[in-house]
Each structure stands twice: as structure tokens, then as C-alpha cells.
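Participant: Heads up, the sequence shown is in the working numbering, so the first residue is 351 and it goes up one at a time.
It is possible that some hints are incorrect.
[What the hints assert, rightly or not] Distance condition first, Cα-Cα at most 30 Å in a straight line; then the derived DSSO-like pairs of lysine-lysine:
no.	residue 1	residue 2
1	Lys-627	Lys-637
2	Lys-463	Lys-637
3	Lys-637	Lys-578
4	Lys-578	Lys-463
In case anyone wonders, no lab produced these hints; they're calculated from the structure.
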Amino acid sequence: MAFRPRGPALCLALMLGLATSPIFAEEAPLGIGIEGFAYPHPVCFLDLSRDGERQRLAYMDVAPAGTANGRTVLLLHGRNFPSSYWQPVIAALTAGGYRVVAPDQLGFGKSSKPVAPFSFDIMAAETVDLLDALNLPRVDVVAHSMGGMLAVRMARNAPARINSLVLEAPIGLEDYRFSVPPVSNDTLLRIETDANAESYRRQLMTNYALSLPASAIEPFVSLRERVKGSGEYPRWVQSFVNSYQIIWGQPVVHEIPLVTAPTLFLMGQNDRNAPGKPFAPAELRGKMGDNAVHARALAARMPNGRAEVLPGIGHLVHMEATQRFNDLTLTFLNQN
């Protein structure tokens, strides 16, 4: 259940605080709410309750920069990035007349970090709570990676709230349970805790087949390392592990053909990301992550779906091919 969201004055104060407080030096440790990591727009909070605990859902709410068209786009981030990485997309959408709402789901970014098991159904309901608090009965959705799985679940659970979907390099286009055995939380916690800046940087560059220079993802590598300096780091890493378990254990691929909203898949041709692939048997590992092929096949089974595949691009389409991504997204939204 949602409580009353915080007001705009708090949003402004938070943004100004990043610029003026000396404790937010670049090399300083971060709290698990990444309080010292600047976002491109003011951050507001919606009070929620999950698992008997009070939680705070962070979000940016950005007004149109040009002539308003009366529509709002909801941006849903991936697992390894906070909502701040949507900055170039927010700029293009607001210039095109759209209001943009970009939340950090609970467990990510500046939002609270629950430690109980996650659920896509609960995350979808909390996102609808945000839409209710902002008086947004219907939105268009642009979703990346894990956000694509959440968008599909929202489209199934609350179809009247979604006008159209843009799924950028979504994961969940196959049922990972068919290839990957269960992995315990203890194993995942050990792997995530042992990761360092170099291994995480290598993981992003190789698993995501990025065409970007490593410097482009350095802020996110640094963010992950700085969070380790928080006394609440065990809570952060438990929350992060919980998100792997829903990706593996709560597939959406079987629901995608049932989504009725107009849907555009924007895929990088080089993207073969498949969560859990390292845990799969060798004979199955190489068959995982054929994402462009999966997207085309699934789009063909939908009432109103299509897929665009961008050559030479990996998993971060909106950062690797920003202009092309923005053009395709705006054209699709304007047509629907």
C-alpha cells in the first residue's frame, strides 16, 4: 500500500544537497541509498510498505521541455544500473513533449533495500502505486533488461494502465530454469561480495558485448565499489541477490505473446546476455542468450509486436546507439 508521496520541495533539496555538501567527495564511500551519487534531475520519494517494513521508492518526475503532448513515459531500469542512466532518453522524450517518470525500484538506486525475497508481481503493484500517487491513469513504458520483465508483468497484471511498450534488450526472453540449475543465496552472496572493480568492469563489457569504451560505464563500476564502504552493505548485497532469484525463478517469456499493448523490441545484434549462464552445463551454455532471434520470434506471436535489431550493438542500446534508439522510440510512441 502506498502512503502519500513526498512533495516537490524535498526533491529540490535533495538535488541541491549533492552539489553543496562536502561529504559527497567522489572517493568517499556511499550509503546503500547511493546518497552521494548525482542524478540528472531532482529525486522524490513515495512511501510504501513491503514485508511489514516502511520503504521509500525513489523517482524522477520530469516535465516536458517542449510543447506538452499530454502523455507520460514510464522508464524501467535494468538490474545493474540506477535510473540515472536514462539521462539521454529523458532529454529526448521531454524535448518531444512527453512527461517522464523514472523510478528506482525497491532494491535499486536511491530506493530502500528490502531483504526478503522479491516478486515481479509486488514490484508491478508498487509501480502502479506510484502511477496512482502521481494521478497517471495510463502511460507508455520504456523498459531495459530486467525492467523488460517487470514491464511484461505490469502489462499482464494492469493492462489498462499501459498504452504501449518499448522493450530495450529485455532479458527473460527464454526460461532460464530450462538451462540453469538453482543457485543458493549463499553462493550468490559469496560471488557478489568477492567481485571487485576489475571483475565487475570485465563482466559488464563482456557479458553485455558493449561497443562503448570502458570509461562510459566507469561511474557505475565506481558506484558499486563505493557502496562496499557502507555499514549497510550486507543489506545491499542481499537485496541484489534477491533480484537474481526472481529473474531465474519467475519467468515472463510464456506471457509475452499474451501482451496486447503495441510492443517494440529494440535489440542489439551482439547482445547474448543471459543471467545464470555461467552456472549452466557446458552443453547448454552456448545455446543461451540468442536474444535478437528470441525477440523476433516472440514479436511475431504477439497481437501487435515487432522487433528492430541494431547491428554492432550490445545490451545497452540507449547508451551505445543513443540517437538511433531515441529516434526509433519517439517514432513508435508518436504512432501509438
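Participant: CA of Lys-627 to CA of Lys-637, is that 30 Å or under?
Facilitator: Holds. Lys-627 to Lys-637 sits at ~10 Å (cutoff 30 Å).
Participant: Measure nothing beyond the straight line between the CA atoms of Lys-637 and Lys-578; if it is 30 Å or shorter, mark the hint as holding.
Facilitator: violated, 35 Å
Participant: Can the restraint linking Lys-463 and Lys-637 be considered satisfied, given a maximum Cα separation of 30 Å?
Facilitator: At roughly 34 Å apart (the allowed maximum being 30 Å), Lys-637 and Lys-463 break the hint.
Participant: Mind checking the alpha carbons of Lys-578 and Lys-463 for me, to see if they're no more than 30 Å apart?
Facilitator: holds, 14 Å
Hint compliance for this structure: hints 2, 3 are not met, and every other hint is.
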